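Novice: Those letters in the sequence shown? Residues 45 to 465, by the numbering used here.
Since the hints were derived computationally from the structure, they do not count as laboratory data.
There are no misleading hints in this set.
In silico DSS-like cross-links for lysine-lysine, where the CA-CA straight-line distance does not exceed 25 Å: (1) Lys229 to Lys265; (2) Lys137 to Lys265; (3) Lys355 to Lys335; (4) Lys91 to Lys169; (5) Lys265 to Lys238; (6) Lys175 to Lys238; (7) Lys137 to Lys114; (8) Lys114 to Lys76.
For clarity, every value in this text was computed on a predicted model and none was experimentally measured.
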Amino acid sequence: MDKEALDIHGYLNDGTVKIPKFKKITLAENQKDGYWISAIDINGNGKLDIVTSGLAEGEVVWYENPTWEKHLIAKFPEPVAIDVADIAGNGRKDLVISHNFGTCAFWCRPEDGKISWLENPGEYKENTPWKRHFVSDLLATHRVKIGYFTQSENLELLGIPVVGCKPYGEGIHQPIAMTLFDRPKDPVNAGDWKGRVINDTDFRLVHDVLLGKYGGYSGEKHDSMLICSEEGLTWFYYNIETGKWDSAPLSEGDREYEDIGFTGCSNIAYGKLGDDPYGYMVSLDPFHGNKLALYTRRNKGGIADGPWTRKVIDTYGDFDAHGQGATHHVICADFDGDGDDEFLVALRGPMPNQGVYYYKVIDLEQGLIERWRVSTASASLIVIGDFNGDGRLDFATTSYYTPGFFLCDNAQVNVFINDFA
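Please model the complete structure; the sequences and the hints are all you need to start from.
Specialist: So this is what it looks like as C-alpha coordinates:
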(Lines of atoms letter the chains of each structure in order from A and count residues from 1; the text may use other names and numbers.)
(Lines give C-alpha, C1' and ligand atoms only; values in the text may rest on other atoms or scores of the structure.)
Protein backbone atom coordinates (compact mmCIF):
# COMPACT_ATOMS: atom_id res chain seq x y z
CA MET A 1 0.00 0.00 0.00
CA ASP A 2 1.46 3.38 -1.01
CA LYS A 3 2.29 6.16 1.40
CA GLU A 4 -0.49 8.44 0.14
CA ALA A 5 -3.13 5.80 0.90
CA LEU A 6 -1.96 5.70 4.51
CA ASP A 7 -2.52 9.43 5.03
CA ILE A 8 -5.43 9.81 7.45
CA HIS A 9 -6.36 13.16 5.92
CA GLY A 10 -6.81 11.48 2.57
CA TYR A 11 -9.29 9.05 4.08
CA LEU A 12 -11.23 11.83 5.76
CA ASN A 13 -11.30 14.16 2.77
CA ASP A 14 -12.55 11.63 0.22
CA GLY A 15 -15.38 10.48 2.47
CA THR A 16 -13.96 7.01 3.09
CA VAL A 17 -14.06 7.65 6.83
CA LYS A 18 -17.22 9.15 8.27
CA ILE A 19 -16.73 11.60 11.12
CA PRO A 20 -18.79 10.34 14.11
CA LYS A 21 -21.61 12.59 15.24
CA PHE A 22 -24.15 11.74 17.94
CA LYS A 23 -27.09 13.68 19.36
CA LYS A 24 -27.08 13.56 23.16
CA ILE A 25 -30.31 12.98 25.10
CA THR A 26 -29.87 13.31 28.88
CA LEU A 27 -32.23 11.07 30.86
CA ALA A 28 -30.86 12.02 34.30
CA GLU A 29 -28.16 14.32 35.65
CA ASN A 30 -26.61 15.54 38.90
CA GLN A 31 -27.15 12.10 40.39
CA LYS A 32 -25.38 10.76 43.46
CA ASP A 33 -25.13 7.28 42.01
CA GLY A 34 -23.99 5.48 38.89
CA TYR A 35 -22.49 2.17 37.86
CA TRP A 36 -24.61 -0.23 35.73
CA ILE A 37 -26.60 0.20 32.52
CA SER A 38 -28.50 -2.30 30.34
CA ALA A 39 -30.52 -1.94 27.13
CA ILE A 40 -33.72 -4.03 27.36
CA ASP A 41 -37.21 -3.98 25.85
CA ILE A 42 -38.99 -4.17 29.21
CA ASN A 43 -42.62 -3.80 28.13
CA GLY A 44 -42.45 -5.62 24.79
CA ASN A 45 -43.32 -2.62 22.62
CA GLY A 46 -40.38 -3.23 20.30
CA LYS A 47 -38.34 -0.31 21.64
CA LEU A 48 -35.14 -0.66 23.63
CA ASP A 49 -35.43 0.81 27.10
CA ILE A 50 -32.66 1.68 29.55
CA VAL A 51 -32.18 0.10 32.99
CA THR A 52 -29.62 1.54 35.41
CA SER A 53 -28.42 0.92 38.95
CA GLY A 54 -25.69 2.06 41.30
CA LEU A 55 -24.06 1.10 44.56
CA ALA A 56 -24.51 4.44 46.33
CA GLU A 57 -28.31 4.79 46.50
CA GLY A 58 -29.15 1.28 45.30
CA GLU A 59 -32.03 2.16 42.98
CA VAL A 60 -32.82 -0.02 39.97
CA VAL A 61 -34.45 2.33 37.47
CA TRP A 62 -36.22 1.73 34.16
CA TYR A 63 -36.29 4.57 31.60
CA GLU A 64 -39.15 3.82 29.22
CA ASN A 65 -38.58 4.47 25.50
CA PRO A 66 -39.69 6.67 23.70
CA THR A 67 -40.69 9.19 26.42
CA TRP A 68 -37.85 8.08 28.72
CA GLU A 69 -40.21 8.20 31.69
CA LYS A 70 -38.44 7.07 34.85
CA HIS A 71 -39.77 4.08 36.82
CA LEU A 72 -38.26 2.90 40.11
CA ILE A 73 -38.62 -0.90 40.02
CA ALA A 74 -36.42 -2.04 42.93
CA LYS A 75 -33.98 -0.96 45.58
CA PHE A 76 -31.09 -3.07 46.89
CA PRO A 77 -28.09 -2.53 49.12
CA GLU A 78 -25.14 -2.03 46.76
CA PRO A 79 -26.45 -3.56 43.49
CA VAL A 80 -23.63 -4.28 41.05
CA ALA A 81 -24.39 -6.21 37.86
CA ILE A 82 -27.56 -7.02 35.92
CA ASP A 83 -28.33 -9.61 33.26
CA VAL A 84 -31.56 -10.25 31.38
CA ALA A 85 -33.56 -13.39 30.58
CA ASP A 86 -37.04 -14.90 30.75
CA ILE A 87 -36.57 -16.56 34.13
CA ALA A 88 -40.28 -16.96 34.97
CA GLY A 89 -40.98 -18.64 31.63
CA ASN A 90 -43.82 -16.32 30.59
CA GLY A 91 -42.10 -14.60 27.67
CA ARG A 92 -41.22 -11.42 29.57
CA LYS A 93 -37.74 -10.05 30.26
CA ASP A 94 -36.77 -10.54 33.91
CA LEU A 95 -33.66 -9.15 35.59
CA VAL A 96 -30.98 -11.07 37.47
CA ILE A 97 -28.97 -8.84 39.78
CA SER A 98 -26.00 -9.17 42.12
CA HIS A 99 -26.25 -7.01 45.23
CA ASN A 100 -25.16 -6.47 48.85
CA PHE A 101 -21.63 -5.88 47.58
CA GLY A 102 -20.88 -4.32 50.95
CA THR A 103 -17.26 -3.38 51.52
CA CYS A 104 -15.96 -5.49 48.63
CA ALA A 105 -13.79 -5.74 46.65
CA PHE A 106 -10.84 -5.06 48.92
CA TRP A 107 -12.35 -5.65 52.37
CA CYS A 108 -15.16 -8.15 51.89
CA ARG A 109 -17.10 -9.32 54.91
CA PRO A 110 -18.57 -12.85 55.08
CA GLU A 111 -22.08 -11.50 54.36
CA ASP A 112 -21.08 -9.45 51.29
CA GLY A 113 -22.42 -10.85 48.04
CA LYS A 114 -25.91 -12.01 47.06
CA ILE A 115 -27.87 -12.78 43.88
CA SER A 116 -31.60 -12.25 43.26
CA TRP A 117 -33.91 -11.95 40.29
CA LEU A 118 -36.70 -9.45 39.64
CA GLU A 119 -39.91 -10.73 38.07
CA ASN A 120 -41.24 -8.59 35.23
CA PRO A 121 -44.89 -7.96 36.21
CA GLY A 122 -46.24 -7.43 32.70
CA GLU A 123 -48.39 -4.56 34.01
CA TYR A 124 -46.51 -1.41 34.85
CA LYS A 125 -48.10 0.76 37.50
CA GLU A 126 -46.15 3.85 38.45
CA ASN A 127 -43.18 3.06 40.72
CA THR A 128 -44.59 -0.33 41.73
CA PRO A 129 -41.68 -2.54 42.86
CA TRP A 130 -41.11 -5.74 40.95
CA LYS A 131 -41.36 -8.98 42.91
CA ARG A 132 -37.98 -10.09 44.21
CA HIS A 133 -36.80 -13.72 44.29
CA PHE A 134 -33.66 -14.74 46.14
CA VAL A 135 -31.18 -16.97 44.30
CA SER A 136 -28.15 -17.44 46.55
CA ASP A 137 -25.39 -15.98 48.66
CA LEU A 138 -22.04 -15.78 46.89
CA LEU A 139 -19.24 -13.78 48.46
CA ALA A 140 -17.99 -10.83 46.37
CA THR A 141 -20.31 -11.46 43.40
CA HIS A 142 -19.39 -8.83 40.82
CA ARG A 143 -20.88 -10.16 37.56
CA VAL A 144 -23.85 -12.41 36.72
CA LYS A 145 -24.27 -14.05 33.32
CA ILE A 146 -27.20 -16.09 32.02
CA GLY A 147 -26.79 -18.60 29.21
CA TYR A 148 -26.61 -22.19 28.08
CA PHE A 149 -23.15 -23.25 29.18
CA THR A 150 -23.27 -27.04 29.54
CA GLN A 151 -26.46 -27.86 27.60
CA SER A 152 -29.03 -26.09 25.42
CA GLU A 153 -32.35 -26.94 27.11
CA ASN A 154 -32.44 -25.07 30.42
CA LEU A 155 -31.05 -21.67 31.37
CA GLU A 156 -28.02 -21.56 33.65
CA LEU A 157 -26.81 -18.66 35.77
CA LEU A 158 -23.14 -17.99 36.31
CA GLY A 159 -22.10 -16.06 39.43
CA ILE A 160 -18.66 -14.49 39.14
CA PRO A 161 -16.97 -12.99 42.22
CA VAL A 162 -14.36 -10.29 41.81
CA VAL A 163 -12.01 -11.72 44.45
CA GLY A 164 -11.49 -14.96 46.36
CA CYS A 165 -13.78 -16.17 49.11
CA LYS A 166 -11.58 -15.22 52.06
CA PRO A 167 -12.94 -12.18 53.93
CA TYR A 168 -11.31 -9.07 55.37
CA GLY A 169 -8.80 -8.42 52.62
CA GLU A 170 -7.35 -11.92 52.43
CA GLY A 171 -9.15 -12.81 49.20
CA ILE A 172 -7.89 -10.02 46.95
CA HIS A 173 -5.34 -12.14 45.10
CA GLN A 174 -6.95 -15.51 45.85
CA PRO A 175 -8.79 -17.58 43.20
CA ILE A 176 -12.48 -16.78 42.81
CA ALA A 177 -15.22 -19.39 43.26
CA MET A 178 -16.98 -19.29 39.90
CA THR A 179 -20.40 -20.81 40.58
CA LEU A 180 -23.02 -22.20 38.18
CA PHE A 181 -26.72 -22.33 39.09
CA ASP A 182 -29.41 -24.32 37.28
CA ARG A 183 -32.70 -22.53 36.65
CA PRO A 184 -35.31 -24.40 38.73
CA LYS A 185 -38.32 -26.01 37.05
CA ASP A 186 -40.58 -23.57 38.91
CA PRO A 187 -38.36 -20.54 39.52
CA VAL A 188 -41.21 -18.35 40.82
CA ASN A 189 -41.81 -20.67 43.79
CA ALA A 190 -38.48 -22.48 44.04
CA GLY A 191 -36.68 -20.56 46.75
CA ASP A 192 -32.88 -20.72 46.72
CA TRP A 193 -31.22 -22.07 43.57
CA LYS A 194 -28.82 -25.00 43.68
CA GLY A 195 -25.30 -24.06 42.67
CA ARG A 196 -21.97 -25.77 42.17
CA VAL A 197 -18.47 -24.34 42.01
CA ILE A 198 -17.04 -24.97 38.54
CA ASN A 199 -13.64 -23.36 39.07
CA ASP A 200 -11.88 -22.11 42.20
CA THR A 201 -8.23 -22.44 41.18
CA ASP A 202 -7.45 -20.48 38.02
CA PHE A 203 -8.75 -16.90 38.10
CA ARG A 204 -7.94 -14.01 40.42
CA LEU A 205 -9.27 -10.45 40.54
CA VAL A 206 -11.83 -10.94 37.77
CA HIS A 207 -13.17 -7.59 36.61
CA ASP A 208 -15.33 -8.62 33.66
CA VAL A 209 -16.37 -11.47 31.38
CA LEU A 210 -17.66 -11.36 27.80
CA LEU A 211 -20.23 -14.00 26.96
CA GLY A 212 -20.53 -15.43 23.45
CA LYS A 213 -21.07 -18.50 21.32
CA TYR A 214 -17.42 -18.97 20.39
CA GLY A 215 -17.76 -22.48 18.98
CA GLY A 216 -14.80 -24.84 18.95
CA TYR A 217 -14.72 -27.30 21.83
CA SER A 218 -17.65 -25.48 23.48
CA GLY A 219 -19.98 -26.35 20.59
CA GLU A 220 -22.00 -24.08 18.35
CA LYS A 221 -25.05 -23.82 20.64
CA HIS A 222 -23.33 -23.29 23.98
CA ASP A 223 -22.24 -20.06 25.62
CA SER A 224 -18.71 -19.61 26.87
CA MET A 225 -16.76 -16.59 28.03
CA LEU A 226 -13.67 -14.46 27.72
CA ILE A 227 -12.44 -13.83 31.26
CA CYS A 228 -10.52 -10.68 32.15
CA SER A 229 -8.48 -11.37 35.27
CA GLU A 230 -5.16 -10.96 37.01
CA GLU A 231 -3.87 -13.79 34.81
CA GLY A 232 -4.74 -11.88 31.63
CA LEU A 233 -7.28 -12.82 28.97
CA THR A 234 -8.60 -16.40 28.93
CA TRP A 235 -11.25 -18.29 26.99
CA PHE A 236 -13.17 -20.38 29.54
CA TYR A 237 -15.63 -22.98 28.29
CA TYR A 238 -17.41 -26.26 28.91
CA ASN A 239 -15.78 -28.88 26.69
CA ILE A 240 -18.61 -30.89 25.11
CA GLU A 241 -16.20 -33.68 24.15
CA THR A 242 -14.79 -34.30 27.63
CA GLY A 243 -17.73 -33.06 29.71
CA LYS A 244 -15.37 -30.86 31.73
CA TRP A 245 -14.63 -27.16 32.06
CA ASP A 246 -11.51 -26.05 30.24
CA SER A 247 -9.63 -22.89 29.37
CA ALA A 248 -7.28 -21.47 26.77
CA PRO A 249 -5.05 -18.50 27.65
CA LEU A 250 -5.05 -15.82 24.94
CA SER A 251 -2.84 -13.14 26.51
CA GLU A 252 -1.19 -12.33 29.83
CA GLY A 253 -2.34 -8.74 29.46
CA ASP A 254 -0.40 -5.99 31.19
CA ARG A 255 2.65 -6.78 33.36
CA GLU A 256 4.24 -3.36 33.58
CA TYR A 257 2.76 -2.28 36.90
CA GLU A 258 3.03 -5.38 39.07
CA ASP A 259 4.39 -3.19 41.87
CA ILE A 260 0.98 -1.50 42.33
CA GLY A 261 -0.71 -4.89 42.77
CA PHE A 262 -2.71 -5.03 39.54
CA THR A 263 -1.84 -7.03 36.43
CA GLY A 264 -3.57 -8.73 33.54
CA CYS A 265 -6.75 -7.58 31.85
CA SER A 266 -9.81 -5.59 32.94
CA ASN A 267 -12.20 -5.54 29.94
CA ILE A 268 -12.34 -7.09 26.46
CA ALA A 269 -14.27 -6.65 23.21
CA TYR A 270 -13.84 -8.07 19.72
CA GLY A 271 -14.64 -6.44 16.40
CA LYS A 272 -15.72 -7.69 12.99
CA LEU A 273 -13.60 -6.79 9.97
CA GLY A 274 -14.91 -7.87 6.59
CA ASP A 275 -16.01 -11.50 6.84
CA ASP A 276 -13.97 -12.17 9.98
CA PRO A 277 -16.14 -11.92 13.14
CA TYR A 278 -12.93 -11.79 15.20
CA GLY A 279 -11.04 -9.32 13.04
CA TYR A 280 -9.40 -7.77 16.09
CA MET A 281 -9.77 -7.52 19.86
CA VAL A 282 -9.33 -4.57 22.20
CA SER A 283 -8.74 -4.64 25.94
CA LEU A 284 -8.42 -2.25 28.86
CA ASP A 285 -5.54 -3.17 31.18
CA PRO A 286 -4.85 -3.88 34.02
CA PHE A 287 -7.66 -3.94 36.64
CA HIS A 288 -9.33 -0.48 36.51
CA GLY A 289 -6.31 0.42 34.45
CA ASN A 290 -5.18 3.21 32.13
CA LYS A 291 -4.20 1.37 28.94
CA LEU A 292 -5.99 0.45 25.72
CA ALA A 293 -4.48 -2.52 23.87
CA LEU A 294 -5.15 -3.84 20.37
CA TYR A 295 -4.92 -7.55 19.54
CA THR A 296 -4.24 -8.74 16.00
CA ARG A 297 -3.35 -12.04 14.34
CA ARG A 298 -2.25 -13.19 10.91
CA ASN A 299 -4.89 -15.83 10.26
CA LYS A 300 -8.65 -16.07 10.60
CA GLY A 301 -10.38 -18.65 12.76
CA GLY A 302 -12.10 -19.06 16.10
CA ILE A 303 -11.51 -16.82 19.08
CA ALA A 304 -8.78 -19.14 20.42
CA ASP A 305 -7.04 -19.59 17.05
CA GLY A 306 -4.07 -17.30 17.52
CA PRO A 307 -1.53 -16.40 18.34
CA TRP A 308 -2.83 -12.94 19.16
CA THR A 309 -0.31 -10.09 19.25
CA ARG A 310 -1.02 -7.39 21.84
CA LYS A 311 0.01 -3.77 21.37
CA VAL A 312 -0.82 -0.79 23.60
CA ILE A 313 -2.32 1.94 21.39
CA ASP A 314 -3.49 4.50 23.94
CA THR A 315 -2.90 5.52 27.56
CA TYR A 316 -5.25 7.65 29.65
CA GLY A 317 -3.31 9.51 32.30
CA ASP A 318 -1.67 8.07 35.39
CA PHE A 319 -2.89 5.85 38.21
CA ASP A 320 -4.46 7.46 41.25
CA ALA A 321 -3.29 7.04 44.85
CA HIS A 322 -5.06 3.65 45.00
CA GLY A 323 -3.32 2.31 41.89
CA GLN A 324 -6.35 2.67 39.61
CA GLY A 325 -6.84 4.41 36.28
CA ALA A 326 -9.67 6.03 34.33
CA THR A 327 -10.82 3.16 32.10
CA HIS A 328 -13.85 0.99 32.82
CA HIS A 329 -15.43 -0.47 29.65
CA VAL A 330 -14.84 -1.13 25.95
CA ILE A 331 -17.36 -2.31 23.35
CA CYS A 332 -17.42 -2.89 19.57
CA ALA A 333 -20.13 -2.27 16.95
CA ASP A 334 -20.59 -1.04 13.37
CA PHE A 335 -21.75 2.54 13.87
CA ASP A 336 -20.95 3.96 10.43
CA GLY A 337 -22.57 1.10 8.49
CA ASP A 338 -19.54 0.11 6.42
CA GLY A 339 -19.53 -3.53 7.56
CA ASP A 340 -16.56 -3.17 9.92
CA ASP A 341 -16.79 -2.63 13.66
CA GLU A 342 -15.60 0.47 15.44
CA PHE A 343 -15.06 0.54 19.21
CA LEU A 344 -15.95 2.80 22.11
CA VAL A 345 -13.96 3.27 25.33
CA ALA A 346 -15.67 4.41 28.55
CA LEU A 347 -13.59 6.60 30.86
CA ARG A 348 -14.91 7.24 34.35
CA GLY A 349 -12.74 10.33 34.97
CA PRO A 350 -11.65 12.74 36.18
CA MET A 351 -11.04 15.10 33.27
CA PRO A 352 -9.20 15.14 30.97
CA ASN A 353 -9.52 11.34 31.02
CA GLN A 354 -13.29 11.23 31.12
CA GLY A 355 -16.09 10.47 28.68
CA VAL A 356 -16.31 8.23 25.62
CA TYR A 357 -13.78 7.86 22.82
CA TYR A 358 -14.78 6.48 19.41
CA TYR A 359 -12.08 4.56 17.52
CA LYS A 360 -12.10 3.71 13.81
CA VAL A 361 -9.80 1.00 12.42
CA ILE A 362 -8.77 2.36 9.03
CA ASP A 363 -5.93 -0.01 8.16
CA LEU A 364 -5.30 -2.78 10.69
CA GLU A 365 -2.18 -4.13 9.00
CA GLN A 366 -0.52 -0.72 9.02
CA GLY A 367 -1.82 0.16 12.47
CA LEU A 368 -3.80 3.14 11.22
CA ILE A 369 -6.53 3.98 13.74
CA GLU A 370 -8.26 7.30 14.33
CA ARG A 371 -10.10 8.45 17.45
CA TRP A 372 -12.65 11.09 18.38
CA ARG A 373 -14.07 12.03 21.77
CA VAL A 374 -17.87 11.75 21.40
CA SER A 375 -18.82 12.49 25.02
CA THR A 376 -17.23 14.26 27.98
CA ALA A 377 -19.63 12.90 30.63
CA SER A 378 -18.18 10.31 33.01
CA ALA A 379 -18.87 6.84 31.62
CA SER A 380 -18.89 3.64 33.64
CA LEU A 381 -20.48 1.33 31.08
CA ILE A 382 -21.77 1.56 27.49
CA VAL A 383 -24.70 -0.24 25.87
CA ILE A 384 -25.51 -0.32 22.17
CA GLY A 385 -28.82 -0.44 20.31
CA ASP A 386 -31.10 1.31 17.86
CA PHE A 387 -32.95 3.49 20.34
CA ASN A 388 -34.95 5.59 17.86
CA GLY A 389 -35.75 2.89 15.29
CA ASP A 390 -34.01 4.49 12.31
CA GLY A 391 -31.85 1.45 11.56
CA ARG A 392 -28.60 2.97 12.84
CA LEU A 393 -26.75 1.91 15.97
CA ASP A 394 -26.76 4.33 18.88
CA PHE A 395 -25.20 4.03 22.34
CA ALA A 396 -26.04 4.93 25.93
CA THR A 397 -23.96 5.47 29.06
CA THR A 398 -24.22 5.84 32.79
CA SER A 399 -21.63 7.66 34.86
CA TYR A 400 -19.32 6.20 37.52
CA TYR A 401 -20.29 7.32 41.02
CA THR A 402 -19.29 4.55 43.40
CA PRO A 403 -18.20 5.27 46.99
CA GLY A 404 -14.83 3.77 47.84
CA PHE A 405 -13.70 3.80 44.21
CA PHE A 406 -14.47 7.03 42.35
CA LEU A 407 -17.10 9.79 42.56
CA CYS A 408 -17.51 11.70 39.32
CA ASP A 409 -18.87 15.22 38.93
CA ASN A 410 -22.44 15.47 37.61
CA ALA A 411 -23.31 11.78 37.22
CA GLN A 412 -25.60 11.34 34.22
CA VAL A 413 -27.55 8.80 32.18
CA ASN A 414 -27.33 9.64 28.47
CA VAL A 415 -28.50 8.24 25.16
CA PHE A 416 -26.45 9.18 22.09
CA ILE A 417 -28.39 9.03 18.81
CA ASN A 418 -26.39 8.23 15.68
CA ASP A 419 -26.47 11.29 13.40
CA PHE A 420 -23.85 10.46 10.79
CA ALA A 421 -24.13 6.95 9.33
